[in-house]
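J.: Quick note, the sequences are listed as chains G and B, same order. The opening position of the first sequence corresponds to residue 6 in the numbering used here, with each subsequent residue numbered one higher. The opening position of the second sequence corresponds to residue 102 in the numbering used here, with each subsequent residue numbered one higher.
Derived from the structure by calculation, the hints contain no laboratory data. One should not assume that every hint holds.
Stretch-level coverage of chain B by chain G, calculated; a stretch enters the list once three of its residues show a Cβ under 8 Å from a Cβ in chain G [as the list claims (entries may be wrong)]:
#: 1; stretch: 141-147
#: 2; stretch: 252-258
#: 3; stretch: 263-271
Okay, derived cross-link-like pairs now, DSSO-like style, lysine-lysine, Cα gap no bigger than 27 Å in a straight line [said to hold, decoys possible]:
#: 4; chain 1: B; residue 1: K108; chain 2: G; residue 2: K126
#: 5; chain 1: B; residue 1: K354; chain 2: G; residue 2: K201
#: 6; chain 1: G; residue 1: K92; chain 2: B; residue 2: K104
#: 7; chain 1: G; residue 1: K182; chain 2: B; residue 2: K256
#: 8; chain 1: G; residue 1: K213; chain 2: G; residue 2: K53
#: 9; chain 1: G; residue 1: K126; chain 2: G; residue 2: K105
#: 10; chain 1: G; residue 1: K217; chain 2: G; residue 2: K176
#: 11; chain 1: B; residue 1: K355; chain 2: G; residue 2: K105
#: 12; chain 1: B; residue 1: K256; chain 2: G; residue 2: K99
#: 13; chain 1: G; residue 1: K92; chain 2: B; residue 2: K256
#: 14; chain 1: B; residue 1: K256; chain 2: G; residue 2: K126
#: 15; chain 1: G; residue 1: K53; chain 2: B; residue 2: K355
Computed from a prediction, not measured in an experiment: that's the story for all the values here. Built from N, CA and C at the ideal position, the CB exists for glycine as well.
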Amino acid sequence: MDYQTPTGIKHVLSDISFSLLEGEFASIVGPSGVGKTTLLRLLTGLMKPTSGVIRINGQEVNSPPPGLAVVLQDYTRSLMPWLTVEKNISLPLKRLGLSKAETAETIELVLTEVGLSGNQKNYPWQLSGGMQQRVAIARAIAVRPQLLIMDEPFASVDAQTRFDLEDLVLKVRDDFKITTAMVTHDIDEAVYLSDKVVVLYGSPANVKEIVKVDLPYPRNQVASRGREEFAELRTKIYAQVRGLQ
Amino acid sequence: MIKEISKNAIHSLWLPVALVASWWIFSTNSQDPYFPPLRVIWEQFVYLWVFDNVPVHVVPSLINLFSGFFFGVFIGIAGGVVIGTNQGVARFVEPAIDFIRSIPAVATVPIFIMIFGLSYEMRIAAIAFAAIFPTMLAVIQGMHSNNPTLLDTAKVFRLTPFQTLVRVRIPAAGPIIFSGIQVSLQVAFVVTIASELLGSGFGIGAFTLIATDAFLITDAWTGVILMGTLGFLVNVIFNLVERRALRWYLVSKKLS
């Protein structure tokens, strides 16, 4: 992936190749500025690669494909403040041709899943930051995506809420079996949530390593993070991100 | 809550009340034919405008105002959306728009008289024309100010271009668009009155001008007061509509 910059062409992403199996949860980590967000924009089809191809289920991605949902860091900008929670969730559902009753059912289902049942008529700005991000997650799973992409989804909430949201993501993944790719700068979080961690490094960036995470399920904030493998994995990935290995 | 409202009312009303009261007191013994006592103006106001002359003069003015205003705002929004969402078109037409909007709205009235003659069509066309530009410029600016994250979200969720426009881009630009529409309303009101000063027998502007020419100074004063009152009321109604439509914006701003 190249960018045209005032000082010439900047080669941002070079040899990026990894695959994501159905139902898998992958995190993409790397030092800041390595091109994580660029990669994510390519994956979502918001940007076209200057060379190479992105495939989802064998289909080349050139524009946002069907069956894709996103959760972005900035929930205050990705939720529509002029729409109630239920209207926010139903907006992307309009294309799926559901009946009114089915739409209402879906909204109730996903809001219950994220623990916000009964908030249909509230506006996003009446909710706390963590709750708004739950709405964004509910909106994403409501379309029953084949692939869920999250861009630093918990970077704007406080630490306690962050743990709650991480566990929510694990639960949603378990209940809905959604294939997920998440960009994060938090290595602990990447290890805690993922089946594999894709480490980007270098300029132009390439895949340094794909680290398999074998922590057993169900995972839990205290036990999983306390395991020896957890510490080993996070140390290993940390060293790679820092370029020490 | 009620206490707060009455406090606000006192804050915003004391100055107008004081001004009217001092006008009333200082003009009581006025002998100046151009400045009759406010009491006399008030009596004449009640005699003329409650409600004998309303159908003859007020109704035509309001019909002109609102037809021209809505027509102009409609064109302004449509044009603003087309220009604001197409970089190519914007570069092409923006200089022309900047030129046209720099012409004082009232100065275009003679041109409309040439085209349409001294008719209702002329008045409504002149009002609409003047109302187009503030709204159109606000819509263009509003489209340009749409947040990229919001547009990305709309793209990823595969909203149709029409849904993106109606559900995302226009509401997001709502606060800017409404301030443009408010300017359109004010300009439309000015042109409404101005267009009646030429070759019309009906309308508040025409009434006031004819009264002035006939040295019916008190009648002219009632016309001026009526215009001010109507302008004020129209603006109050506008603010109520805006408060309702932009509730999400006003409340969320207060919360953060």
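J.: All hints, please: hold or fail.
T.: Structure-based check of each hint:
1. 141-147: Violated - the stretch 141-147 of chain B has 0 residues with a Cβ nearer than 8 Å to chain G, which falls short of three.
2. 252-258: Check passed, 5 qualifying residues.
3. 263-271: holds (count 3)
4. K108(B) <-> K126(G): 32 Å, violated
5. K354(B) <-> K201(G): 41 Å, violated
6. K92(G) <-> K104(B): Violated, because 35 Å separates the two Cα atoms, which is more than 27 Å.
7. K182(G) <-> K256(B): 24 Å, holds
8. K213(G) <-> K53(G): 23 Å, holds
9. K126(G) <-> K105(G): At roughly 16 Å apart (the allowed maximum being 27 Å), K105(G) and K126(G) satisfy the hint.
10. K217(G) <-> K176(G): Distance ~20 Å between K217(G) and K176(G) Cα, so the pair holds.
11. K355(B) <-> K105(G): Given pair K355(B), K105(G) is violated - Cα atoms ~34 Å apart, limit 27 Å.
12. K256(B) <-> K99(G): 14 Å, holds
13. K92(G) <-> K256(B): 17 Å, holds
14. K256(B) <-> K126(G): Measuring from Cα to Cα gives roughly 25 Å; hence the hint holds.
15. K53(G) <-> K355(B): Since the Cα atoms of K53(G) and K355(B) sit roughly 40 Å apart, the hinted pair is violated (cutoff 27 Å).
Checked against the numbered hints above, the structure violates hints 1, 4, 5, 6, 11 and 15; every other hint is satisfied.
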